[in-house]
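Colleague: What follows is the residue order along each chain.
2 protein chains.
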Amino acid sequence: MPSAPAVESFAEFRQRRVERIEKVLDELLPPADILPGRLHEAMRYSTLGGGKRVRPLLVYAGGQCLGLADELLDRAAAALEMIHAYSLVHDDLPAMDNDDMRRGRPTCHKAFDEATAILVGDALLTHAFQVLAEPVPGLAPAQQLAMALDLARAAGSRGMVGGQAIDLAAVGHELAQPALEQMHLQKTGMLIRCALQLPLQAAAIAPDASVASALLRYADRIGLAFQVQDDILDEIGDIRETGKARQGADRSRQKPSFVSLLGLTEAQRYAQRLLEDALDALSPWGAEGDHLRALARLIVERNR
Amino acid sequence: MPSAPAVESFAEFRQRRVERIEKVLDELLPPADILPGRLHEAMRYSTLGGGKRVRPLLVYAGGQCLGLADELLDRAAAALEMIHAYSLVHDDLPAMDNDDMRRGRPTCHKAFDEATAILVGDALLTHAFQVLAEPVPGLAPAQQLAMALDLARAAGSRGMVGGQAIDLAAVGHELAQPALEQMHLQKTGMLIRCALQLPLQAAAIAPDASVASALLRYADRIGLAFQVQDDILDEIGDIRETGKARQGADRSRQKPSFVSLLGLTEAQRYAQRLLEDALDALSPWGAEGDHLRALARLIVERNR
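First to last, the protein sequences are chains H and A. Counting from 1005, one number per residue, gives the positions in the first sequence under our numbering. Counting from 1005, one number per residue, gives the positions in the second sequence under our numbering.
Bear in mind the hints are in silico, worked out from the structure with no lab data behind them. Check the hints yourself; a few may be wrong.
Same chains, same names: a pair is fine if it fits in one copy or spans any two.
As a list, the in silico SDA-like pairs of lysine to any residue whose alpha-carbon atoms are at most 20 Å apart [what the hints assert, rightly or not]:
hint: 1; residue 1: LYS1114; residue 2: GLY1053
hint: 2; residue 1: LYS1259; residue 2: ALA1174
hint: 3; residue 1: LYS1259; residue 2: LEU1092
hint: 4; residue 1: LYS1259; residue 2: MET1105
hint: 5; residue 1: LYS1114; residue 2: ALA1099
Only chain H is shown next, with the shape it has when bound in the complex:
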């Protein structure tokens, strides 16, 4: 049954869809009582442990702009969140960012061990594609295959993983703004873009090119805004709010950031400008675009 965005406030939308994706993830992840139990327990620990669920919310809100029922989008939202969760587990490893805490809890390799954390990431990444490849009522195989392709491109060496590689190589270097934006486009932007690509693939009739390009323009602006805001929060955020172990952690590791490049005030102005661009891209939509609008504001105005 199609959702009715007009009668649902953003607070209701957010609470219901976060609950929904938690339930979907819980059902799609292997239970901890199936062998190997410790691996499955660690996969669940790393995926079900909270988080803002920004990407699934974008999937569902994008679906509302296209008149799609939540049921068609559950696996897309879950697959995207599994990719995000795996990337955090691997990024936190000692050989990468070496973080002990995440969302106020020990990171996977601290709560379990390093070998398990490597395997958890591998298993979540693989499971994301399994979830997209299993038959879904209402979606044609060609649609599901197109979703898998979008996800693979967004997550691979020319997407998220490549962005992480560029980021690691950039530690200790100054990056100019275009290089910094390319790095973030790959590292976080392409997965956020994918959150809008997946509902576009789920539409029974392919949306007009103008509809697709408007939603993807929205996605690209908030993807970048997300990262600018991350850099701002890393500079000024309260440790209790961000759940990160160190304030100014990026600066102390000499990671290139929008704040170090533009200064704090200019970075804040830039985030606002990106927000306005994102909202502008949604001008073809009335009330059915309201939740995407609210998500854009949430991303830029969040404090953690």
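Given chain H, put chain A in place with the hints provided.
Modeller: Okay, now just chain A, sitting in the frame of chain H:
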């Protein structure tokens, strides 16, 4: 154009298909001159650096039993080899098996660095699904999606990654034969089984259930035989032949093995019995099954 197994000796088949898969992998992997260059270079180092290409050979030879052209199987063979290559890169990491050498060359994290090796594995795993999801002339989206599903199940937490987790947990413990076989079924067997599942999915008309079950029985026997032979080689193999840094490495780390469980002579007899079972499963085929037969013998009679 369909291949003609009757006129091609196994030596010719093997040489041509190894060359073929090297070329296919070279074309499907991102070039090292595309950013991030070091990541792409390391992906190529880890995938194109030799190896026996057993899984791709099984894909092509299985295809011959089904009358399939090599062109229909190239991406399946490449995806499977990318999964195999990624698993070696991650297994070699210090937190896992901590191996410095592989195929007589430094392992990925030694030739590059640990963070790069983690990302190389992630990128190869993701790329395997990208390669299966890109449009292929002659295959329907439903067939490609079924291939992606088979691969995800074979490679995930209830397949290869789970087998690796069970293996790590078993170090220092004695395993009974059923537990040891379950571990190996997941760790290596399911990917070898997948090498026969993929050509079954590529057939334009779904093969008879008896054809499918015969090929999968063959796959299961050689998958297990492969591991028994690995354990035998670890015990008796010459270091120069296996390319491994230490002879008896599994024993010295108290890894459970068929040799420690059954003794060397019994393990060798067991490998022979599995070989005979595998050949028996191929009895429905004449000359078009000869390359699968030769591959089964190669696996059991190899010395590295």
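Colleague: Against this structure, judge whether each hint is valid.
Modeller: Each hint tested on the structure:
In the homo-oligomer, the alpha carbons of LYS1114 and GLY1053 lie at most 20 Å apart inside one protomer (14 Å), although the nearest pairing across protomers, at 34 Å, exceeds that limit. Within a single copy, LYS1259 and ALA1174 get their C-alpha atoms as close as 7 Å, which meets the 20 Å cut-off; across copies the closest is 40 Å, which misses it. Proximity of LYS1259 to LEU1092 under the C-alpha cut-off of 20 Å is restricted to the intra-copy arrangement: shortest distance 17 Å within a copy versus 31 Å between copies. Taking identical chains as interchangeable, the C-alpha atoms of LYS1259 and MET1105 lie at most 20 Å apart only when both belong to the same chain, with a minimum of 19 Å there against 32 Å between chains.
Taking the shortest alpha-carbon separations for LYS1114 and ALA1099, both the intra-copy value of 13 Å and the inter-copy value of 13 Å come in at or below 20 Å.
The structure meets every hint from the earlier list without exception.
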